[in-house]
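Line by line, the protein sequences give chains D and Z. In this text, residue positions in the first sequence follow my numbering: the first is 1, and each later residue adds one. In this text, residue positions in the second sequence follow my numbering: the first is 115, and each later residue adds one.
Misleading hints may appear alongside valid ones.
Footprint (simulated), chain Z over chain D, 3 or more residues, beta carbon under 8 Å [what the hints assert, rightly or not]:
{"#": "1", "stretch": "38-51"}
{"#": "2", "stretch": "56-69"}
{"#": "3", "stretch": "106-113"}
No wet-lab data here; the hints were simulated from the structure. Where a beta carbon is used, it is the ideal one built from N, C-alpha and C, also for glycine.
Now for the letters of each chain:
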Amino acid sequence: DSGVTQTPKHLITATGQRVTLRCSPRSGDLSVYWYQQSLDQGLQFLIQYYNGEERAKGNILERFSAQQFPDLHSELNLSSLELGDSALYFCASSVVGTANTEAFFGQGTRLTVV
Amino acid sequence: AQSVTQLDSHVSVSEGTPVLLRCNYSSSYSPSLFWYVQHPNKGLQLLLKYTSAATLVKGINGFEAEFKKSETSFHLTKPSAHMSDAAEYFCVVSAPTGGGNKLTFGTGTQLKVEL
């Protein structure tokens with residue numbers, strides 16, 4: 001158990017809908033990352049937050065947004081969902097979010113868009 | 115910019131034989147490198163990390179990796195494979211980007227362990 005908690009574990013929704021994925025980082029970790037894992041794209045970096053502020057952005061679509069709250073949990077919002085958004089979404093956390101600190105991953109949320 | 119190339123998408127070994135999973139990296143910075151393992155329907159587990167200390171890094175479950183700057187490689191090895199090692203392995207380079215940090219994953223190597 002990495003100490004990173006993601007909910008829900010599975011989510012099935014229809015095209016055009018909006019969903020929210022939640023992540024609780026390890027105790028003491030200030031930085032949260034979001035990744036998308038799909039068969040055709042592999043593991044893609046979406047976004048990083050540190051202590052409530054956005055720090056780095058990757059290949060995140062405009063339909064997607066995220067935030068980190070004062071209690072350090074994070075949410076990833078996915079809207080106007082398309083079939084191609086079906087993927088495994090991982091959250092990771094690290095102590096300070098610098099290059100030399102390891103990130104610990106949650107179990108992921110499997111999103112299926114039908 | 116940074117990138118990672120995992121040279122084999124699939125590796126098959128017999129139980130008890132050595133494991134070698136190959137990784138080459140490219141980074142504009144002095145790299146931090148990691149290996150993660152993903153078992154079926156599970157999250158990503160950190161095996162080991164290199165962050166400019168010793169070039170030979172020992173990890174969990176008997177795995178180790180050697181950082182070779184001249185070859186830009188960070189290959190993962192294990193002397194004797196166990197059935198429980200069957201999983202997908204990811205080589206990762208970590209580097210600053212913007213005001214934060216980004217982990218760039220390789221495409222993964224699926225390790226199969228046969229009796």
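Results for each hint:
{"no.": "1", "hint": "38-51", "in the structure": "holds (count 5)"}
{"no.": "2", "hint": "56-69", "in the structure": "holds (count 3)"}
{"no.": "3", "hint": "106-113", "in the structure": "holds (count 3)"}
In the structure shown, no violation is registered for any of the earlier numbered hints.
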